[in-house]
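Colleague: Sequence:
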Amino acid sequence: MQKHFDVRIWICVSDDFNVKRLLEEVFEVVTKKPSGNINLDAIQNGVKENLMEKKFLLVLDDVWCEKQDEWNRLKNSLTSGAKGSSIIVTTRLKTVASITKTISEPYHLDSLSLDNCWSLFRSYAFDVGKELEKPNLVRIGQEIVSKCGGLPLAAKALGSLVRFKEEENQWEQVRDSEIWELILPALRLSYNNLSPRARQSFAYCSLFPKDYEMSKEELVHLWMANDLLQIKEWNQK
Numbered sequence: 001m002q003k004h005f006d007v008r009i010w011i012c013v014s015d016d017f018n019v020k021r022l023l024e025e026v027f028e029v030v031t032k033k034p035s036g037n038i039n040l041d042a043i044q045n046g047v048k049e050n051l052m053e054k055k056f057l058l059v060l061d062d063v064w065c066e067k068q069d070e071w072n073r074l075k076n077s078l079t080s081g082a083k084g085s086s087i088i089v090t091t092r093l094k095t096v097a098s099i100t101k102t103i104s105e106p107y108h109l110d111s112l113s114l115d116n117c118w119s120l121f122r123s124y125a126f127d128v129g130k131e132l133e134k135p136n137l138v139r140i141g142q143e144i145v146s147k148c149g150g151l152p153l154a155a156k157a158l159g160s161l162v163r164f165k166e167e168e169n170q171w172e173q174v175r176d177s178e179i180w181e182l183i184l185p186a187l188r189l190s191y192n193n194l195s196p197r198a199r200q201s202f203a204y205c206s207l208f209p210k211d212y213e214m215s216k217e218e219l220v221h222l223w224m225a226n227d228l229l230q231i232k233e234w235n236q237k
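According to UniProt numbering, the sequence shown is numbered sequentially starting from 1.
Keep in mind that the hints were calculated from the coordinates and are not lab data. This list has only true hints and no planted wrong ones.
Just the calculated beta-carbon pair ranges, DEER-fashion:
{"no.": "1", "residue 1": "Ser146", "residue 2": "Phe202", "range": "18 to 26 Å"}
{"no.": "2", "residue 1": "Asn39", "residue 2": "Glu168", "range": "56 to 64 Å"}
{"no.": "3", "residue 1": "Thr79", "residue 2": "Lys33", "range": "18 to 26 Å"}
Where a beta carbon is used, it is the ideal one built from N, C-alpha and C, also for glycine.
All chains should be modelled from the sequences, with the hints used to inform the complete structure.
Modeller: Pasting the structure below:
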């Protein structure tokens, strides 16, 4: 990757598709300077100048914005790169894929295989090599993974949740919980109207057993570990 691209940028977009914020992140990578309080025009010019004749790779991860004009505003600021520059967009929405069209046909990612899902879960649930010392927890963990449906977020979230649980019954509680049944039907309308990031954070809470006394700090750290909350967001609050 380093041989093919002069500049490599990865931005987690989520539901906050703010053109100025995204260009600020690009600006800070290409100039290696903080963007400060400069206006959008200055940021756009700075990005164009610093990408001039450079081959760049920009990954926009987890895009939810379906507004064509916002995408065009961003794309028009990224036209000065050298031939072969690439923009990759990851999204769960077909409409976003059709709007951005960074390639002619979207590439659909399949769910993880059971083995890969287990490897991901294991990396979050155990310290390296420690699973060999806990065969009973491994067995329960594999049963948990079989319920993940090959979803990376589920494997990461559940692995993080059980990481500091040492008792078999604690792992069994996670295995046997009906995760989505804990989101009460009466709350579903409100839940569906939350932003995508807020929905994920809220749903994460349902991984805890019923009547679990939740520590704010523990929950915040778990959110951060699963990219549901950025450190700067927490500091602001």
